[in-house]
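Asks: Read off the chains here:
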Amino acid sequence: MTQLYNDPIGHWVVVVVAMALLLFVVLTATAYTVWFERVALGRIQRRPGPNRVGPFGLMQLAADGIKLAFKESFVPAKTDKLIFVIAPAIGVAAAFLAWTVIPIGLWYNVQYWIADVNVGILVIFAVSSLNVYAIVLGGYASNNKYSLLGGLRASAQLISYEMALGLSLVPTFMIVGSLRLRDIAEYTVSWGPYHGPIPLILLTPIGFLIYIISATAETNRTPFDLPEAEQELIGGFLTEYSGLKFTMYYLAEYLNVITVSALATLLFFGGWYLWFVPPVFAFLIKVVLMLFLYIWLRATFPRLRYDMLMRLGWKVLLPLAMANVIVTAIILVAVQG
Amino acid sequence: MSDEKQDRTSPPGGLQPPTSPASGEVKDRTSPPGGLRPPTSPASGKVKPNVAGDVGALLKGLRTTLGEAMKPPVTLMYPEDKTPRSERYRGRHYLRRYDNGLERCIGCELCAAACPVGCILVIAAENTEEKRVSPGERYAKTYEINMLRCIFCGYCEDACPVQAIVLGPEYELSDTSREKFIYTKEKLLEPLPPDVEARLNSKEKK
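Chains as they are written, first to last, in the working numbering: chain G, 1 to 337; chain H, 338 to 543.
Here chain H stands alone, though its shape is the one from the complex (with noise of 0.2 Å):
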């Protein structure tokens, strides 16, 4: 048990200086290593100062900086400017609708048991003649999301048979309390963004 204890602190190789009697090593760790004195020889033991060199690396420091400041700023103006994100970015979740204005969930809970957080609670409904909700048998009276457990992963998505749920370009969920964490039904309902809601028809008709 030692043995193997001792095995695993130890890292593979390499890193452990060489126990070689003939290392010389050790000597040089109480010095800085390598380029904060200029090198000594151990004959004298002097340091020989090389004053063009350094006042000409303090004038090249100098330079690159000045040639930095005239290059144009990198940052992004954020809320103004965002980075453009890709189409199958993973953010908040939405509940898709049919063409004629039912919703798609059909309250099945794959997006539940396929969730490796279990954020997502569904509890369904059957549907009737006079309140038809969904074209199934059922569908989703609740469907909640705690955004605070959500990962992103995006197996609510893979799992839905009928593509009711889909993870939006949202990434900017930030709220003021926890409650409002919790993406209630009508919350989830929300439109798509149109751009997204076309693609995501375009590639059901292929």
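Isolated chain G (complex conformation) (with noise of 0.2 Å):
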């Protein structure tokens, strides 16, 4: 494997094949992301949540994306056309980049990854901007006021808690002394007879707890739906979308949840270690509690009031996160002298 995956045509081959494989399975979490929430969603709420297509309702996102297939691509009138359909191809596509740098995991020296780039997390933050594109042009596009309001809420939301997410994770560089994600989920210890990997949120509690509210509010999960409110904005900037379009924003916004759930796994789980389970599935199960914290904060909180989104951005998180920054960093001098 390794023979092959430095040949220079080999590499190629490889890395092809992987990057299919790659979004066969991604896109496939994605589908089976939605089914879970719904039906964790239904099942907070005492309701059996999706249950009709196929055992257990599994099948029931292959009948929702045919019934979205057909439906009439509709662009209203007076739109900006072009714009109109590249904004949600410009979302699935930032959500597709950010997963070529994230392992999965090392399992009998075989690398689940595509690329394993020495600034992984900074391609991931650079790609996930992007983002924000998506909703901004698709909200300018749509020639309608909620979708417009939507699209303007989503930037000034999303330049908000950006800050907040990176300097959330700041302290874990500065632990690890490493933006490469693989060695960020393989950081090891030797704290006393112990020797092995640990997962970093026990040294930075309070940065992952700034990393959950602000990946929340990154993709525009529901306590800072804003962007979308579906009562005030009617759907904000998905106002005018339906189809395949509105397909790809849903499947964009699901890929981003997986994607942020995945980041959470690696730089504050310990990515693929979990004692005896095999590395790949353990990321799957850490990848899923995640998941499903993001669905239980769903289910138990409204949505915030504008000016609370962004007081609690400005004044509250991000002079958390530098203070977070300032005390790791003081503390590392002290114990590394």
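Mixed in with the good hints there might be a few duds.
The calculated lysine-lysine pairs, modelled on DSSO-like cross-linking and capped at a C-alpha distance of 27 Å, are [as the list claims (entries may be wrong)]:
1. H/K540 x H/K517
2. H/K419 x H/K517
3. H/K385 x H/K397
4. G/K81 x G/K71
5. H/K385 x G/K315
6. G/K315 x H/K540
If you're looking for bench data, these hints aren't it; they were derived computationally from the structure. No experiment lies behind these values; they were computed from the predicted model shown.
Using the hints, put the two standalone chains together into the complex.
Replies: Shown next as structure tokens:
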């Protein structure tokens, strides 16, 4: 495997096959994330969730996908047609791009990822920021006041929370001393008799807290879903979208949720290490638990008002993240000398 | 006239703010009604944060939702499981027969007269020796109910002197065309569910 990987042509073969595989796996994962969310939300609200199509409703997403695919691809009058069509594609492309650098596991010396970039986390930040273009452009192109407001809210929200998100991870980088996702996941400590990988949440619990809140805001999930607020903005940037273009936004949203869950797994929960569990499965279990946390938050908290959102972002999370960085730096210097 | 009108638009009492000169209520209406913001003391005007209380409230909410998830769903799997109907539930109509197969309906049209929406059409005809449909003098040659009009009040059942028309327990009456909602005599003469039929018979014997 390593030989094939180092061969110039074999390298490309491996990468292209891996990309095709990843596309399939991530798309399937997205579909079942939606299923999982609907079932979990249903159980929390004391109803069964989708349970008609296939066993346990597992084919529900296939049915929904077919329905959406056969819907009329409607473009309202006086829209900016080009941008209207391109915007959802940007969202999906950005969401997929993040997965190029996310390592899923190392099993029998096979690396389950496409690119082992030494600044992997920066790549993810870069492409996940593109997501806001999809929302802003979609809202702008729709020629609809609600869409425009949704887009504006999205831009302000993402600017506010991206800083806290970035800063929340800085202590992790300082402790590990690397931006490579693999290094962070494989971070090991020697504490007395114990020598092995530890989940970094033990070292930066506040970082994890800030990460979870900011990531929820980044992915426009429910306590922070102001850009698509159904009640006051009638779906926000999604108002004019239907059919496959709507599906793309939907796909991008859930892909982003999986991405931030996978990232949290890698950065705070030791990636693919979990006692005796095989690496890829351990990763999967942790991601599913993170996804449940997101769904749980969605089921519990009502949407914030806009000024509350801004206040939380700028006045609470950002100073807290900065203080976290400084305190971690001081402790690190004190410990390592 | 104008006085009367004003009286009718304003609610009888309490809904309008009191117009006493000392009321300071008007000022408060600009700020959201209690609970959205922590109470502000009028002296400093500063918001006093209560971090521990707020985080505790969030955790309490999370615990509540997780607790609900542990309980079994309350959903009824509808087409398979149905809520029990009352014995006297008024669903679709049936025309009954006697045990010897004769129709009960004697074409008296009392049901049509009682019907508040006029959805019943009865055209009676004379019974003859060769063709005896009901034990009485006449029978219903045509008996139609427009189920789109019917309000399921059960007056027809009350009006019927021979207990010919009854309202059964079925309530799933959707169909694909308006014409199919005109229930004709053939459809109405379909046998009742056996348990309902037995109950009606036992009631009659008493």
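Asks: Which hints from the list above does the structure break, by number from lowest to highest?
Replies: 1, 6
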